[in-house]
Amino acid sequence: MIVVLTIAAGLIYVERRLLALFQDRRGPNRVGPFGVLQVVADMVKIFFKEDWIPPFADKAVFIMAPGILIISIFLTFAVIPFTDTFLVLDSNIGLLFFLGNSSLGVYSVVLGGWASNNKYSLLGAIRASAQMLTYEVFMGLSLVGVVMMADSFSLREIVLAQKGGWFVIPQFLGFLTFLIAGIAETHRAPFDIPEADGELVAGYHSEYSGMKFGMFFVGEYMGVTMISALITTLFLGGWLGPEFLPPAFWFFFKTGFFICLFILIRASLPRPRYDQLMEAGWKVLLPLVLLNILVTGAVLLFKHTS
Amino acid sequence: MNTIFYITAAVAIIASLMAITNKNAIHALLYLILTLLSISVIFYTLGAPFIAALEVIVYAGAIMVLFIFVVMMLNVGLQEEVENRWLTPRKFLIPSLLAAILLILFMIALKDFRFENHPAIDVAPKEVGISLFTTYLIAVELSAILLLAGIVGAYHLGKQKKKVTHRFLVKQARIKK
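In order, the protein sequence lines correspond to chains A and B.
Take the first sequence: its letters are residues 29 to 334, numbered as in the working numbering.
Take the second sequence: its letters are residues 477 to 653, numbered as in the working numbering.
If you're looking for bench data, these hints aren't it; they were derived computationally from the structure.
Quantities reported herein were computed from a predicted structural model and do not represent experimental measurements.
Cβ atoms here follow ideal geometry from the backbone N, Cα and C, with glycine treated the same way.
Please note that the accuracy of each hint is not assured.
To be verified - Taking beta-carbon pairs under 10 Å as the criterion, some of the chain A residues facing chain B (in silico):
| no. | residue |
| --- | --- |
| 1 | Val72 |
| 2 | Ile74 |
| 3 | Ile121 |
| 4 | Gly128 |
| 5 | Leu132 |
| 6 | Ile154 |
| 7 | Ser157 |
| 8 | Met177 |
| 9 | Ser180 |
| 10 | Leu268 |
Required output: the full structure, derived from the provided sequences and hints.
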């Protein structure tokens with residue numbers, strides 16, 4: 029748990045430096061060597077900030093919302109196998125557990141926006157709920173191909189099934205759609221329409237301050253870490269890799285690669301319009317995913333009979 | 477195992493009571509979600525992890541989000557007055573009578589039920605899938621057709637002429653004509 033939190037906090041620094049690199053700037057470089065301590069300074073600042081709850085907000089729900097986000101993401105890390113032996117829970121419904129948690133994560137955004145009792149927050153929450161529901165549909169469907177090939181919902185067995193070859197090659201369509209759905213699910217740029225600052229101030233967390241905002245902020249980075257770790261396990265063979273380095277290294281290396289990819293995507297792509305986002309989801313990605321399932325099923329059936 | 481069951485069952489009952497009695501629509505929905513989550517825990521302890529996961533994904537994760545979405549859009553807050561006008565005690569009479577009959581029947585049916593005769597068996601996701609697509613195939617197909625009908629109906633209700641809302645696009649549409 030502490031590891032995940034540290035990674036998430038460290039990511040804020042990495043993101044700012046990488047974004048600066050991509051955009052030909054310097055980024056934070058004053059606090060500590062290479063500005064590493066910038067995040068620590070920010071954290072101290074955010075802890076001591078006044079934690080203000082607006083008088084017009086729905087207090088109980090307002091406080092609960094950021095907690096739901098953090099809990100749902102932390103619970104997902106329980107089923108991710110870091111190596112063959114280093115994992116918290118090897119469940120035969122591991123993948124469904126992740127999907128259930130990600131669908132509960134929607135509540136944090138929706139309730140946070142609603143409880144703020146502010147029209148920009150509410151608009152952000154409505155956008156977020158529609159977007160996340162849409163992308164959840166084919167997030168689940170894009171994993172069906174993987175499950176069919178691995179013959180199990182258990183993430184450990186899915187990794188073990190990739191000994192002969194990573195699923196990213198036979199399941200390339202599934203991989204692509206899962207990546208896109210993952211970005212949308214963590215509502216990062218370019219899919220950060222629920223918090224589009226040009227239109228909605230800060231979307232659903234406009235009214236949040238202090239550590240509650242910090243939880244939303246860190247939760248986003250934890251979500252990125254989680255999606256990257258899941259892509260690694262599901263499509264890139266998890267801890268599998270050449271023998272000369274320990275399996276844990278391979279896992280963290282691949283995860284780190286995807287985290288950097290997420291940051292690069294944020295740095296380089298513009299935000300789509302809202303209806304474009306929904307249309308792309310329902311009219312392009314959903315048929316693609318269904319096609320992927322059909323082809324995978326046909327190929328597996330052919331292999332099975334011959 | 478039994479203590480877990482009793483605790484979650486108590487949570488489910490309290491949460492559903494709160495869901496009916498709460499006057500704030502969103503709070504009531506949140507309690508309903510809590511009920512669904514505790515029911516999912518009960519399914520898990522009874523040896524049906526697949527159903528437990530589906531309960532969370534489908535009910536708590538998808539359907540209830542839609543409920544909250546609609547409540548948010550309609551901005552249903554405290555609606556005591558309307559409720560007091562619509563829901564008079566007399567209207568509760570017949571439904572409660574019918575529910576009481578059901579309860580009595582259920583108790584009679586449960587009288588000879590012993591948990592020892594029905595031990596919890598772990599049902600793996602695979603077995604659920606196999607039985608769905610062999611024994612209960614017709615039911616699955618029928619529900620698929622029902623869903624299709626629902627989609628077609630929703631499409632028909634939601635269909636409308638394409639409207640151009642942005643002034644820039646309006647200008648462009650005029651130029652095209």
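* Which hint numbers doesn't this structure obey? -> 1, 2, 8, 10
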